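Peer 1: Keeping their order, the protein sequence lines are chains D and P.
Under this note's numbering, the residues of the first sequence are numbered 1 to 375, in order.
Under this note's numbering, the residues of the second sequence are numbered 1 to 73, in order.
None of these hints come from the bench; they were simulated from the model.
Given the structure is predicted, the values throughout are model-derived calculations rather than measurements.
Be aware that a few hints might be false.
[As the list claims (entries may be wrong)] Straight line, CA to CA, 20 Å or less: simulated SDA-like cross-link-like pairs of lysine to any residue: (1) D:K137 / P:S50; (2) D:K250 / P:C70; (3) D:K102 / D:D39; (4) D:K149 / P:K21; (5) D:K241 / P:S55; (6) D:K203 / D:R242; (7) D:K250 / P:W26; (8) D:K137 / D:I188; (9) D:K97 / D:D313; (10) P:K21 / D:H151; (11) D:K250 / D:D313; (12) D:K102 / P:F54; (13) P:K21 / D:L255.
[Stated by the list, open to error] Computed footprint of chain P on chain D; a stretch qualifies when at least three of its residues, placed anywhere within it, have a C-beta under 8 Å from a C-beta of chain P: (14) 44–55; (15) 105–113; (16) 138–152; (17) 201–210; (18) 221–231; (19) 248–257; (20) 290–304.
Note that CB positions come from ideal geometry on N, CA and C, so glycine has one too.
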Amino acid sequence: MQLINIKLSVVTTLAIIASNALHAENYVSVEFLQYDENDNRVSVSAPTLSASYDIGTDYTVKADFVHDAVSGATPVWQSDTASGASKRDDSGDYVYKNQEFKEARNAGSIMLTTRFANRDELYTGIDVSRESDFDSKSLSAEYMHYTDKSHNQSINIGASFAYNEILAYDYDTGSGASNKETATSINIQGGMTQVLNDHASAKADAFVIIDDGYLTNPHATVVRNYGTAEQMLVTENRPDKRTAYGVNLKYITMLGEDLSYQANYRFYTDDWDINSHTIDNDLLYAMNDDLTFGLGLRYYTQTEASFYNANKDFFNDEEFASSDVRLSSFDALTYKASVDYKINDDISYNLGAEFYSQSTGLDASMITTGLKYKF
Amino acid sequence: MIKLTAITIMAFSMMGCSMVKEVKPWEKETLARPIMQFGGIHPEVTKFESHTYFSKEASRGGSGVAGGGCGCN
Numbered sequence: 001m002q003l004i005n006i007k008l009s010v011v012t013t014l015a016i017i018a019s020n021a022l023h024a025e026n027y028v029s030v031e032f033l034q035y036d037e038n039d040n041r042v043s044v045s046a047p048t049l050s051a052s053y054d055i056g057t058d059y060t061v062k063a064d065f066v067h068d069a070v071s072g073a074t075p076v077w078q079s080d081t082a083s084g085a086s087k088r089d090d091s092g093d094y095v096y097k098n099q100e101f102k103e104a105r106n107a108g109s110i111m112l113t114t115r116f117a118n119r120d121e122l123y124t125g126i127d128v129s130r131e132s133d134f135d136s137k138s139l140s141a142e143y144m145h146y147t148d149k150s151h152n153q154s155i156n157i158g159a160s161f162a163y164n165e166i167l168a169y170d171y172d173t174g175s176g177a178s179n180k181e182t183a184t185s186i187n188i189q190g191g192m193t194q195v196l197n198d199h200a201s202a203k204a205d206a207f208v209i210i211d212d213g214y215l216t217n218p219h220a221t222v223v224r225n226y227g228t229a230e231q232m233l234v235t236e237n238r239p240d241k242r243t244a245y246g247v248n249l250k251y252i253t254m255l256g257e258d259l260s261y262q263a264n265y266r267f268y269t270d271d272w273d274i275n276s277h278t279i280d281n282d283l284l285y286a287m288n289d290d291l292t293f294g295l296g297l298r299y300y301t302q303t304e305a306s307f308y309n310a311n312k313d314f315f316n317d318e319e320f321a322s323s324d325v326r327l328s329s330f331d332a333l334t335y336k337a338s339v340d341y342k343i344n345d346d347i348s349y350n351l352g353a354e355f356y357s358q359s360t361g362l363d364a365s366m367i368t369t370g371l372k373y374k375f
Numbered sequence: 001m002i003k004l005t006a007i008t009i010m011a012f013s014m015m016g017c018s019m020v021k022e023v024k025p026w027e028k029e030t031l032a033r034p035i036m037q038f039g040g041i042h043p044e045v046t047k048f049e050s051h052t053y054f055s056k057e058a059s060r061g062g063s064g065v066a067g068g069g070c071g072c073n
């Protein structure tokens with residue numbers, strides 16, 4: 001009897017390790033993103049290099065690097081009499097129109113996964129991002145603990161700390177001077193994953209995000225005291241604290257032998273009065289061992305920030321003011337399609353297309369293509 | 001936050017009572033398939049998507065704690 005128990009225990013352990021190891025694989029992948037907005041607005045070209053490497057069965061190191069080349073224009077309030085878009089002119093009228101810009105961003109991250117004897121996992125990571133006027137450094141850690149022997153249920157808790165440095169231009173005086181501002185962000189998330197049956201799982205997480213510091217967009221402007229002798233165009237001003245809460249619920253199931261369906265719902269609320277709901281649906285169809293098709297539909301809706309207004313004759317002496325359309329009330333839909341083709345056992349190719357449409361009038365397309373080499 | 005967490009755990013517990021069936025490790029072949037992973041078959045593409053939404057929308061969070069800031073928002 002004891003021998004049978006030992007054998008069963010060994011079989012169970014091997015099966016658990018095998019089920020965990022099915023996706024443990026070394027790879028190098030190259031992805032390219034091309035993002036384009038309508039109305040000649042923002043275009044982004046972003047090549048990414050990613051790699052993942054297992055060190056034995058207890059450690060996995062994953063790293064990626066991305067270079068974003070951003071160009072185009074974004075709408076802000078401007079003087080319609082100024083010959084230079086960056087020069088303040090309070091004598092005339094104002095128009096909300098595109099202002100051209102060019103930016104490059106380099107970002108890298110490295111994450112170490114550590115697996116313990118009971119197969120609990122600890123993820124630790126570093127993220128760094130650098131632009132000409134924005135630097136960010138972030139540390140993160142997350143622990144995942146299996147609560148049962150069959151690994152059908154796990155709980156996770158994690159936190160990250162980000163330190164951001166922002167170059168804020170002194171637009172208000174028109175002197176062209178700039179000064180360095182800072183902001184921090186703490187993100188805490190905890191949740192649970194549950195295997196529901198042999199073909200469905202669910203995951204639920206709650207999160208809190210605390211932003212503190214310079215949260216204003218230094219490139220966004222508002223008009224104050226419009227139509228009076230004191231009218232002026234100034235940099236927007238946002239509160240220097242923001243606390244957000246939310247929940248994220250995920251469910252994945254097989255609908256047929258080779259068709260999976262995933263549903264995500266996220267609720268978000270913060271003390272800037274922004275509430276949002278996100279519903280994301282994805283279908284993946286594995287036509288055969290080599291070819292997988294994907295279709296998705298995402299719906300997003302948000303309420304506007306308490307200090308947002310799009311009009312030039314709204315703001316007077318309010319402390320906080322923004323006309324950044326991203327803080328407005330809007331809905332958005334994303335339509336997604338993808339194909340993944342396994343060229344051979346080691347190399348696979350993927351192509352994806354997405355169309356994003358906001359009720360603000362913003363439309364954007366996103367094409368991703370890449371190669372992954374497993375070894 | 002506490003309320004949200006409590007509601008989430010309660011909902012999950014209730015769901016657990018009614019829907020959960022114990023699955024043995026050797027019965028997880030379907031669950032282990034690439035098309036059954038929460039992160040999708042290409043996590044790098046999911047990261048692109050998240051970054052796009054982060055730069056165009058006013059809310060974020062819920063998809064893990066890793067990830068750095070960006071001047072795009």
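Peer 1: Given the hinted pair K241 of chain D and S55 of chain P, is their Cα-Cα distance within 20 Å?
Peer 2: Within the cut-off at roughly 19 Å; holds.
Peer 1: Closer than 8 Å Cβ to Cβ for three or more residues is the test here. Does the segment 221–231 of chain D pass it with chain P?
Peer 2: violated (count 0)
Peer 1: For the segment 105–113 of chain D, do at least 3 residues have a Cβ located nearer than 8 Å to some Cβ of chain P?
Peer 2: holds (count 4)
Peer 1: With the threshold set at 20 Å, check whether the alpha-carbon distance from K149 of chain D to K21 of chain P stays at or below it.
Peer 2: Within the cut-off at roughly 14 Å; holds.
Peer 1: If you look at each residue in the segment 248–257 of chain D, do at least three have a Cβ nearer than 8 Å to any Cβ of chain P?
Peer 2: holds (count 5)
Peer 1: Given the hinted pair K97 of chain D and D313 of chain D, is their alpha-carbon gap at most 20 Å?
Peer 2: OK: K97 of chain D and D313 of chain D at ~16 Å, within 20 Å.
Peer 1: Between K21 of chain P and H151 of chain D, does the CA-CA distance stay at or below 20 Å?
Peer 2: holds (13 Å)
Peer 1: Would you check the hint for K21 of chain P and L255 of chain D, treating anything up to 20 Å between C-alpha atoms as holding?
Peer 2: Holds, because 17 Å separates the two Cα atoms, which is no more than 20 Å.
Peer 1: Check, residue by residue, whether the segment 201–210 of chain D contains three or more positions whose beta-carbon lies closer than 8 Å to a beta-carbon of chain P, and give the verdict.
Peer 2: holds (count 9)
Peer 1: Quick check: do three or more residues in the segment 290–304 of chain D have a beta carbon closer than 8 Å to a beta carbon of chain P?
Peer 2: Satisfied; 4 residues make the cut.
Peer 1: Are there three or more residues in the segment 138–152 of chain D whose C-beta lies closer than 8 Å to some C-beta of chain P?
Peer 2: holds (count 7)
Peer 1: Is K102 of chain D within 20 Å of D39 of chain D, Cα to Cα?
Peer 2: Holds: K102 of chain D and D39 of chain D sit about 16 Å apart, inside 20 Å.
Hint compliance for this structure: hints 2, 6, 7, 11 and 18 are not met, and every other hint is.
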